[in-house]
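Build out the structure end to end from the sequences listed, making use of the hints.
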Amino acid sequence: MSAWLEASIKERAGSFLLDVSFGMDREIGVLFGPSGSGKSLTLRCLAGLRKTGEGVIRLGSRTLLDSSAGVCVCPHRRKTGLLFQDLALFPHMTVLENVLFGCESPRSADARARAREWLKRVRLESCESRYPSQLSGGQKQRVALARALAAEPDMLLLDEPFSALDGPLRRNLRRELRELQAQARIPILYVTHQVEDLCALGDRVFFIEKGLLAGSARVQDLLEGHGRMRFWQMMGWGNLLDGAVETGAEGSPVFRWASGALSLGSVPGRGRAMAFIRPDRLRLLDPRLPVDEELSRNRFSGRVEEVLLEGGVVRMHVRTASGHWQIEQGGPGAPSEVARPGENVHFAVPPRSVELVFSPEPKEEESVEPSVVESRA
Amino acid sequence: MERALFISLKILAIDIPLLALLGGGLGWLLSRKDFPGREVLSLLVQLPIVLPPSVLGLYLLFTLGSVPLFREAGLLFAFPAAALGALVPSLPIMVQAARAGFAGVDRQLEEAALTLGRTPVEVFLKITLPLARRTLLVGLALSSARALGDFGVTLMVAGNIPGRTQTLPLYIYGQVESLNFAQAHAAAMLLVGVGIGSLWLVRRMETGSHERLA
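Going down the list, the protein sequences come from chains D and S. Just so you know, the first sequence maps onto residues 1 to 377 in my numbering. Just so you know, the second sequence maps onto residues 1001 to 1214 in my numbering.
What the hints contain is simulated information worked out from the structure, not anything from laboratory work. Heads up, the beta-carbon is just placed ideally off N, CA and C, and yes, glycines get one too.
With a straight-line Cα cutoff of 25 angstroms, these simulated DSS-like cross-link-like pairs (lysine-lysine) come out:
1. S/1126 to D/51
2. D/79 to S/1126
3. D/210 to D/10
4. D/10 to D/51
5. S/1033 to D/51
6. D/120 to D/79
7. D/51 to D/210
With beta-carbon atoms standing in for the labels, derived distance ranges:
8. D/179 to S/1104: 36 to 42 angstroms
9. D/108 to S/1104: 29 to 35 angstroms
10. D/294 to S/1205: 49 to 55 angstroms
11. S/1052 to D/71: 51 to 57 angstroms
What follows is the structure, encoded as structure tokens:
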């Protein structure tokens, strides 16, 4: 049987080539990968906001795109909700009007009732006559979510909509999204480059790198099972360590793996876990300058093996006594400051940049929800 | 003076809708669409701002006088020429404002509206237009004031015929020539009043637009 959503997209944007094919059922899929890998472009192609040169998109029984047959459904007929990274709430409309905008025959009393129902579900019924500029970040996110869902889409696409939120708010929204998905029974595709989101929200993950699908896996398989390290390595991006959280000498938590240890911020648990550290969170250090105490505990040094320049980002592969590390430096750093292969560099891992994925205890098989905690200093 | 005022008002009644449609349309085209000849069109539309009215008038005169269709219609030195003479130099102001107004509307809002199932026309009417409204109205106020005050181009193509093509600015000129300063002053005061009024309107709309976004 074929999947509910089947997409195969080939699209060129300047020198960038996006070529991805994937399928998923009415579940939550996560597009995961470094920035600039084509995740957002994929969503735009799915929503029809970008005319796709070549490809096929099928959703349920509908064909949204079939370039060989000359079919390309306009974005307003695709019934694909898209939550933009900066939400795109209409500033000249109230919260209720924003939500009503996507409803069919928005002037009817029925539509009004439905829009109110959605606002109630995201717990914003008291804000219906406010303007977006009068809302907090979290409220805006929820309005955008209610608006997208009130249009009764056949598929919901989310482009890092919660990236501006932290901790508890983020967790709440993820839970809400999960509940809404369970009710609406539509495929939801979520773009992120945070492991935390991936593990807490997704059913299935698609690793995208440089415009290509590097692999896909069920999130459950990522968290347990024998082959999990292999899955993680598929994404080829980021620093992944398999070890355990222990209590260190000073009573503070330490993540220890075969060849090294990292001091952590406060984490709620101990036990077997995987640690993921985004390469752009690692800090290169100048050995001549003092560093703050927090960083000095997680200090490493090693030899640069490879330096790659990709779209304004410098990615270094560094071999150290504690293993192989990827370090990314973005932005305005002058190329002359970049280390060359063969040189020695010093770097530190900020304790709060360590994302932990605890392995489920073998005894408690009923807990399917993986517990994911971002370590906080 | 009443007759000149009436002609000026009649010109405004014709030119304001034309400015809104033509200027708004050209502004939208220039800000949103990429087509061959866009830069040339943009340049041509801007040209009346930098050209002297007499040059504009001269070309208009020859266009209206030598193209057979226009010649037979007998537009020159009649009311239609006066309306056109006022329109041409004021159009670029409206185009410029419309261009800025439409460019200022976040494309993502339009895209969001599309994904919510609204047709492109609905999106334009409910998202683009309301969000660009203030800038469009400012442009309309300024360009209408320019149309009302046109002197040179109107004189070149429509002449200064009392009761037919004599607008308020031309009336003032006529009264000064015949040393009727009191009449000239009265008409001038009227135009100054309209000018202050439209600037006040513009100012109010500009400050208003910041309040909503703050």
